[in-house]
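Peer 1: Start from the sequences and build out the full structure, keeping to the hints where you can.
Chains as they are written, first to last, in our numbering: chain A, 140 to 421; chain B, 2 to 269; chain C, 75 to 352.
These aren't lab readings, by the way, just hints derived from the structure by calculation.
Here the structure is a predicted model, which means the values were calculated and not measured.
Take these hints with a grain of salt, some might be off.
What the hints assert, rightly or not - Quick list of the computed label-pair ranges, beta carbon to beta carbon: (1) C:A205 / B:G56: 32 to 40 Å; (2) A:A216 / B:A51: 53 to 61 Å; (3) B:E106 / A:K145: 55 to 63 Å; (4) A:R361 / B:V253: 53 to 61 Å; (5) C:A202 / B:G56: 34 to 42 Å.
To be verified - Far from chain C by the CB rule (all over 12 Å, computed), these chain B residues: (6) A45; (7) K181; (8) F196; (9) R197; (10) G201; (11) L206; (12) F210; (13) G249.
For every residue, glycine included, the Cβ atom is placed at its ideal position computed from N, Cα and C.
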Amino acid sequence: MRIEVKGLTHVYSEGMPFETVALEDVNFVLEPGSFTGLIGHTGSGKSTLIQHLNGLLRPMEGAVIVDGVNIADKSDAARALRRKIGLVFQYPEHQLFEETVLKDVCFGPKNLGCTQDECEERALHALSLVGLDGKAFQDRSPFGLSGGEKRRVAIAGVLAMEPDVLILDEPTAGLDPAGHRSILDMVRQIKRERDLSILLVTHNMDDVARLADHVLVMQSGRLVMEGTPLEIFSEDAKLQTLGLSLPQATRLMNMLAERGCDVRTDILTLQEAEEEIVRAFI
Amino acid sequence: MAIKDITLGQYFPGESIVHRLDPRTKILGTFVFLVTLFLVNRFAGFALSAAFIAGVIALSGVPVKFMIRGLRPILFLIVFSTILNLFVTAGTPIVQFGPLTITEEGVYRAAFMALRLMLLIFGSSLLTLVTKPITLTDGIERLMSPLNIVKLPSHELAMMMTIALRFIPTLLDETDKIMKAQTARGADFESGNLFRRAKGLIPLLVPLFVSAFRIAGDLAMAMEARCYRGGKGRTRMNGMAFSGRDAGALCVLVAYFAATIYLRTMGG
Amino acid sequence: MNEPIINVEQLYFSYASEEGGEQIPALAGVSLSIEKGSFVAMIGPNGSGKSTLAKCLNALLLPGSGTVHVFGMDTREDALVWDIRKSVGMVFQNPDNQLVSSIVEDDVAFGPENLGVEPAEIRKRVDAALASVDMYEHRQKGPHLLSGGQKQRVAIAGVLAMESQCIVLDEPTAMLDPSGRKEVMDIIHRLHADGKTIVLITHFMEEAAQADRIISMERGKIVFDGTPRQLFSQEDNGHNLDMPFAVQLAAKLRSRGLDIPKQAITDQELVEYLCASK
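Peer 2: Below you can see the structure in the form of structure tokens.
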């Protein structure tokens, strides 16, 4: 699934004194099978943007074109495509409501019109994708689970709709470091198994460096930078003016280079830093 | 229509004489004003009420545009009742469109009803516009405190009101978030008959209730950590004391009320 | 050496299990003391007991067995509860759910009002508290107009207005974005410099590293109590993924033959050593 965003503009409270431009002339493409990181300050328009990608919001100007179809169309084709774009909000566990885990995960497929059997099959698949044993969890109340388990059930609820694109808004918000790593490993696993494209909204540059092959940087409603992680993180000065930091490895290598050491700075991860330092100092 | 159009419950900061009145004066004033709206029955009476509230609005410094925006939520109601009254009232016909008749009485009725609704909104929203929520609930608590004798828990009720007002925006936000999350899973909150729509609200209401309980639990713990133990021994940073301003305001209020009664009894 | 203001002796605590019967021990024999004016960080994974311990410090939770003494007061004594909570103020994780009032300055006044302080005095304290967290100009705003970091600062002001000498912060930055986290940490440092005793519960190692002392917890027990430097220069720690980046990198480099000293625990120090060795 290829998502093309063209000239996307969105304004809140139009015509009123509180009018805010949330998005202004945003253009980019999400290629099939990509892993895109979306970074930017709170208030840069990230939340508004992702709500446009699955049709929750309609553009004032511009369009979101999925596989050649404008998803704001009233056609059946557009509707079908919108349903193939999965969106996981922040703190997704707040959306749980059913009596059992299985029923909650089935909610999405049911709304798509699947039969009871299809729903359950999809639900169990989705649960195993998020690392939960379907048989053990299916009859438990979602409210009796731990925080991490609830979050996984909520994500399974979106995966059960079998989207082609999965958008995750800060899926590790509020988690401790172990939980954080675990959820991201899960995301990577999901991408591998289901062959979807991923759009990850995050504040964590190390995650972007490690996982993404494509990065979008937003500021005040505009897309201000786009490229591979290497391209983006080599622009230290620009990122600083945007108030954004670098991955820790990149930052350290920059520090070494500034002190006159002859090291490469196109480094993104701990392993790369290790190799480069070993090369330069041994 | 945005949440911001609901002026009832919003506070408009300012230092006007109206802002600085004791909340009890303002509560009494609003109550009296609302009562008079149901006592007036002639144009003179409405003119007086309109003049009164216009004067208070002018003194308060709240922009007229703001007040008018507050009418948006009930615009439909005003138009609907106007039309209803125009065509349904029996009496001396003025105009006729086939089976539909507009009577003289109908015109009066419609005009009065529309005016009444508008003045009602102005009067009630003005109270919350010029009084901070905490001051308002303090005022209500003070006015209710004589009822403590009959075991009415005035402090607790006022605290409940304060907290409810405080969390209205939070819960509205939460509702919006949950609706979006469920819509992204294919939920439909718009279509279907009444029964279906009610059932369709479960994915919204259950999480909302759970959230509300979670908020309540967190809040209770935070309040205890800050030594909350009910109303006993509690002081207030924003003191309440009647001053010359309040005496003056009350005099004006009494005069207005008297005039309203006079106009009503004098009329035919 | 400052005198200890908090003394915890052999503290055990269990939450009642929902299904009844089986109790889950959250604290399994914790003993520690905290000195006046110190900045202590408590770190540990979810379920380690650190939040439970925090709530035992201001009598929100009472010991199952063992004792907690705060400024000489036993938390089990009913009559002293309000004095205890006045001396040990607490800031919670969710910025929104701890603000009681629709107006910032009224919320900061909530604590002193509960304590029956004179209105004029409350006014003074509120203004001072808001100024010390750089929120004075927002004093008339409603909480829904504030960012997460700003809300937490208001919550801190609310504790300051009660003139608490010790401030316990239970994962105050867990729900904030990076700039909000920085705002809160800056205020914490400022308060510490002003002489307040700070107990910071966190799961971010970068925050714990800024304290004078780190207490690390696991499954209801203390597994480490010492300075950040001591923690990071311990033998196995390079392989613990939660260690600061420089510590992890230094350990990897050591295993590749580079002789990086154990004292190098920050980016700066690591870079210094490497450049000097060239």
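Peer 1: Measuring Cβ to Cβ, find out whether B:K181 lies farther than 12 Å from everything in chain C.
Peer 2: B:K181 is indeed farther than 12 Å from all Cβ atoms of chain C, at 18 Å.
Peer 1: Measuring Cβ to Cβ, find out whether B:R197 lies farther than 12 Å from everything in chain C.
Peer 2: For B:R197, whose nearest Cβ neighbour in chain C is about 33 Å away, the distance exceeds 12 Å, so it holds.
Peer 1: For the range 53 to 61 Å, tell me whether the beta carbons of A:R361 and B:V253 fit it or not.
Peer 2: Taking Cβ atoms as reference, A:R361 and B:V253 lie about 54 Å apart, which means the hint holds.
Peer 1: Should the label of B:A45 as a non-interface residue stand, given a Cβ cut-off of 12 Å to chain C?
Peer 2: holds, 40 Å
Peer 1: So the hint says 53 to 61 Å: do the beta-carbon atoms of A:A216 and B:A51 match that?
Peer 2: holds, 56 Å
Peer 1: Classify the label on B:F210 as holds or violated, using whether its beta-carbon is more than 12 Å from each beta-carbon of chain C.
Peer 2: holds, 15 Å
Peer 1: Taking the shortest Cβ-to-Cβ distance between B:G201 and chain C, state whether it exceeds 12 Å.
Peer 2: It holds; B:G201 is separated from chain C by about 28 Å at its closest Cβ, greater than 12 Å.
Peer 1: Verify that the Cβ of B:F196 lies farther than 12 Å from every Cβ atom of chain C, and report whether the claim holds or is violated.
Peer 2: holds, 34 Å
Peer 1: Between C:A202 and B:G56, does the beta-carbon spacing fit 34 to 42 Å?
Peer 2: holds, 40 Å
Peer 1: Does the Cβ pair B:E106, A:K145 satisfy 55 to 63 Å?
Peer 2: holds, 60 Å
Peer 1: For the hint 32 to 40 Å, verify it against the beta carbon of C:A205 and that of B:G56.
Peer 2: holds, 39 Å
Peer 1: Is the claim that B:L206 lies outside the interface with chain C correct, judged by CB distances over 12 Å?
Peer 2: Per Cβ check, B:L206 is outside 12 Å of chain C; nearest 20 Å; holds.
Every hint from the earlier list agrees with this structure, and none is contradicted.
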